[in-house]
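Protein chains: 2
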Amino acid sequence: MPKAILIVCDGLGDLPHPAFRGRTPLQSARKPNIDRLSSEGINGLLHTVPRGVIPGSDTAHLSLLGYDPMRYYRGRGPFEALGAGLKLREGDVAFRCNFATVVEKDGRLIVTDRRAGRIREQAKELGPALDGMEIQGIKVIFKPTVEHRAALVLRGPGLSCMVSDADPHEGENAPVRESKPLDASKEAAFTAGVVNEFVTKSFHALDGHPVNAARVKAGLPQANVALPRGAGIYRKPPLFGERFGITAACIAGGALYKGVARFMGIDVVDVPGATGGTDTDVMAKGEAAARIIGDYDYVLVHVKGTDNAGHDGDFPGKVGMIERIDEMVGLLLKRVPADTYIAVTGDHTTSCLKKRHSSEPVPFALRGPGVRVDGVKALDEFSCASGGLGHIDGLFVMPTILDLLDKAHVYGS
Amino acid sequence: MPKAILIVCDGLGDLPHPAFRGRTPLQSARKPNIDRLSSEGINGLLHTVPRGVIPGSDTAHLSLLGYDPMRYYRGRGPFEALGAGLKLREGDVAFRCNFATVVEKDGRLIVTDRRAGRIREQAKELGPALDGMEIQGIKVIFKPTVEHRAALVLRGPGLSCMVSDADPHEGENAPVRESKPLDASKEAAFTAGVVNEFVTKSFHALDGHPVNAARVKAGLPQANVALPRGAGIYRKPPLFGERFGITAACIAGGALYKGVARFMGIDVVDVPGATGGTDTDVMAKGEAAARIIGDYDYVLVHVKGTDNAGHDGDFPGKVGMIERIDEMVGLLLKRVPADTYIAVTGDHTTSCLKKRHSSEPVPFALRGPGVRVDGVKALDEFSCASGGLGHIDGLFVMPTILDLLDKAHVYGS
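One line per chain: the protein sequences are A and B, in this order. Per our numbering, the very first residue in the first sequence carries number 1; after that it's consecutive. Per our numbering, the very first residue in the second sequence carries number 1; after that it's consecutive.
Please note: incorrect hints may appear among the correct ones.
Claimed, not checked - No farther apart than 30 Å at their CA atoms in a straight line, the calculated lysine-lysine pairs in the DSS-like style are these:
#1 A:K180 with B:K377
#2 B:K407 with A:K354
#3 B:K377 with A:K377
#4 B:K407 with A:K355
No wet-lab data here; the hints were simulated from the structure. This structure is a prediction, so every number in the text was calculated from the model and none was measured.
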């Protein structure tokens, strides 16, 4: 049976940049292997969420993997928690958290550093001070992840994800926000109350904690509060393997992408050196994909660095990341069986100019036996506009892959 | 913050015309400024309602402004009433009306002139004879508008918009139609009864009215009946400003377009000389748009004449109208700040051959900072088919504009 590999370069799409001859990073990068996929395959422009709407990375990946976000997306928190390796139960409400530095002023907590001096390994030692608390009958599960980040799960009856963030999302000297209910339900009001109490209790547990006392001595800011954001409720979805009848694995550095895969029951294959940053070991990911494609029908390889460079406005960095991904594609072209379908695309556009996601579609190329090869010679935002696929939606990808793998069903008869 | 101007040329699209070298009006017009927008922008073909369906002007404009007609369209009447300056309340049922000429024959009213000799200013003097009536507990609000036209609002409990027209929509000597319920509800049956009684009462109030007596003396047909059509129920929608977080204004001559704008809470800016016909002062509209773009984030400029020419089968008239709109675009290009997004399109195709709306998509061009400029050099039905936007839907326009204005939200995170 043929296999398929989908390479998702996060934030791959871009806009013409006046400081770089009006070109995009994809137009500027030297990428003979990716362009070979375009030349030998069929191309198009991909809208992962409804056209004209700006995709998030979470909604975009749900869509790419055949899970309509309108149906399955209930906030980002659960993906982060699953990505951090936590197990979720039906009805759990999960959040991303930051360790931050606060000072108490007139009875309010003021954030002086939203990332607690980018605390790293020590954050892990602070976890136990918060994990296992109980608030108004709700169990608190708390796990530090990378640097100043953590995942928070609230477990118990009567919770809602319709609550606002405690994280002020601003630089310096903003007060911690009061979490507020976002609808009129009593569950939302109750959950907001639990979140606010969690924030206060985290301050009491962390301020002056031995780890923080040591940080103060070393002239570092305390990590003396945990600020939740991105509430989401976990509802167990139908599993990928049962829905589509194929086996799948995901190779990714970032917790979110691992979490999306685990959410669907897709195996997550950890690759040493896959960091989810621009320093990631792209070739190690390629090696891993070439290795495991023998064991799975479908492998998703996620590379995050292109998005990071876009958010930083780092055009040359994005070009460099694309060129490294191109080497990985070269490796795959050498190493995987000739009947393996390979698709390359992104989850959304992240403009180096705007330093944010934007709604423009992402180039998409698919190469493999029997596809209708078009005249496109390069993977970029302009060439792919005339591709044989035209404009496609995220939910188009999964049934197409299934059909190519001889695993799709006829609609009707 | 950047601003955006959307120019909607009503009925802009057309079909190849054998009498004009197989070309469309857009292909025949000299329009250097509009073509400059195409050349310097991104282009596509726009379907304002589901593809293959013939758009009405009302449904098309709802869609273009981000209001899904499947959800918000409940008949044309309310837009006409709002366009005429009437205020509506939740549950009001509104109609367009014609003053017509009827004769009584065997107890039936026979229409001898559906437009009452295209009565003009005198129609206003007839309004008070109908306005303020009460029928079966329902209040009648009646306001003459332009020429033989008027708006009718029925206000009171238990009304429905599921009733057929009293207007026979035919030329000469057709009987006034009995309004009939279009579903099995008691509200529809009741409303049809009120409409029929209104028609009868209008005849009793208008036939022999001093204004009509004077018309008879002058050899003119009486305007001795008011014939309702296009029932629609008013349900207050969420306001444009609250939904999208931007301020918007509409410049239009026709009542329908003003009504659609008022329905959403978009400011209507009246421009002297904007008639809603082919005699409209297009340059005055452009001057007004250039002036008010300083005060608003988004300005819609509507020009009706292209549609009128299409309905009349007047190919050269449509070409001339396009050339006048081109001058307005030239004025805008000179007068608005360079970072202003300008889009030009139509609400639907009105074929000079068929003299009616048809389902083919309309060319669309969008120019402004950072758009992915494609290779299209002219705005027409053929060139735009290869544009970078491909085929787009009406509801694509609003989120795209919001993203360009930095006012969109990420779906997900």
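Results for each hint:
1. A:K180 with B:K377: Violated: K180 of chain A and K377 of chain B sit about 52 Å apart, past 30 Å.
2. B:K407 with A:K354: At roughly 13 Å apart (the allowed maximum being 30 Å), K354 of chain A and K407 of chain B satisfy the hint.
3. B:K377 with A:K377: The given pair, whose Cα atoms are some 23 Å apart, holds under the 30 Å limit.
4. B:K407 with A:K355: Between K407 of chain B and K355 of chain A the Cα gap is close to 14 Å, so the pair holds against 30 Å.
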